[in-house]
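Please take these sequences and the hints and turn them into a complete structure.
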Amino acid sequence: MRRIWHFAKSALGIIFRHPVTGTSVIARLADGRIILTKRRDNGLWGLPGGMVDWGEDIATVAKRELFEETGLQVTAIRRLVGVYSSFERDPRIHSICVAVEVDATGEIRIDPIETIDVQAFYPEDIPPGRLSHDHRQQLEDYFQGKTTLA
Numbered sequence: 001m002r003r004i005w006h007f008a009k010s011a012l013g014i015i016f017r018h019p020v021t022g023t024s025v026i027a028r029l030a031d032g033r034i035i036l037t038k039r040r041d042n043g044l045w046g047l048p049g050g051m052v053d054w055g056e057d058i059a060t061v062a063k064r065e066l067f068e069e070t071g072l073q074v075t076a077i078r079r080l081v082g083v084y085s086s087f088e089r090d091p092r093i094h095s096i097c098v099a100v101e102v103d104a105t106g107e108i109r110i111d112p113i114e115t116i117d118v119q120a121f122y123p124e125d126i127p128p129g130r131l132s133h134d135h136r137q138q139l140e141d142y143f144q145g146k147t148t149l150a
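Residue numbers for the sequence shown follow the UniProt record's numbering, so the first one is 1 and each next one is one higher.
No wet-lab data here; the hints were simulated from the structure. For every residue, glycine included, the Cβ atom is placed at its ideal position computed from N, Cα and C.
Under the rule of at most 20 Å between Cα atoms (straight-line distance), these lysine to any residue pairs were calculated in the SDA-like manner: (1) LYS146 - ARG78; (2) LYS63 - LEU29; (3) LYS38 - ILE110; (4) LYS63 - ASP103; (5) LYS38 - GLU101; (6) LYS146 - ARG89; (7) LYS63 - ARG109; (8) LYS38 - GLY129; (9) LYS38 - PHE121; (10) LYS63 - ILE77; (11) LYS38 - ARG109; (12) LYS38 - GLU68; (13) LYS38 - PRO127; (14) LYS146 - ARG79; (15) LYS38 - GLU140; (16) LYS38 - SER132; (17) LYS146 - ILE77; (18) LYS63 - GLU107; (19) LYS38 - GLU114; (20) LYS63 - GLY32; (21) LYS63 - GLU101; (22) LYS146 - VAL83; (23) LYS38 - GLY22; (24) LYS146 - ILE126.
Beta-carbon label-pair distances, calculated as ranges: (25) GLY55 - PHE143: 29 to 37 Å; (26) PRO91 - ILE4: 30 to 38 Å; (27) ARG130 - HIS94: 19 to 27 Å; (28) ASN42 - GLU140: 19 to 27 Å; (29) ASP41 - GLU140: 20 to 28 Å; (30) ALA76 - ASP41: 24 to 32 Å; (31) TRP54 - GLY129: 32 to 40 Å.
Encoded structure:
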C-alpha cells in the first residue's frame with residue numbers, strides 16, 4: 001500500500017508541478033489575413049491552439065486545434081515563430097506554448113464550445129489591446145520575422 005501511495009504522489013507531482021505544453025497557430029490565408037478566434041472563456045481574441053494530447057506531436061496538435069476551432073485545414077507548416085514559457089503568459093496554468101506559422105484553407109466555422117467568433121484579419125486590422133494571453137507578443141514576433149525563445 002505504501003508503494004502505491006508513493007507512486008500516486010509522484011504521479012500527481014509530475015502532473016501538477018510541471019508545465020503543460022501547447023501550441024498557438026498563426027494561420028495565414030492565401031490573401032494574407034490571419035485567423036483569430038474570440039474565446040468563450042474570457043471574451044478576448046486569440047490565436048487558435050491548445051494543449052498537446054498524449055501521443056501527439058506539435059504538428060499534429062496545430063492541425064487538430066486549427067480544424068477544431070475554425071474548420072480550416074493546414075496546407076503547410078511554414079516556420080517556428082517561438083517557444084513561450086513565462087509563468088505569467090497564461091493565467092490558468094503554467095504552460096509552454098510553441099507558436100507556429102501555417103498556411104490554411106477552407107471554410108471558417110465556429111466551435112461553439114470554445115469560441116464565440118472566428119474572423120480573418122489583415123495585420124493592420126487585428127484588434128489592438130484585445131488579445132488573450134501573450135498572443136500580442138507572438139504576433140509581433142511573427143510580423144517581425146523573429147524566432148523567439150521566451
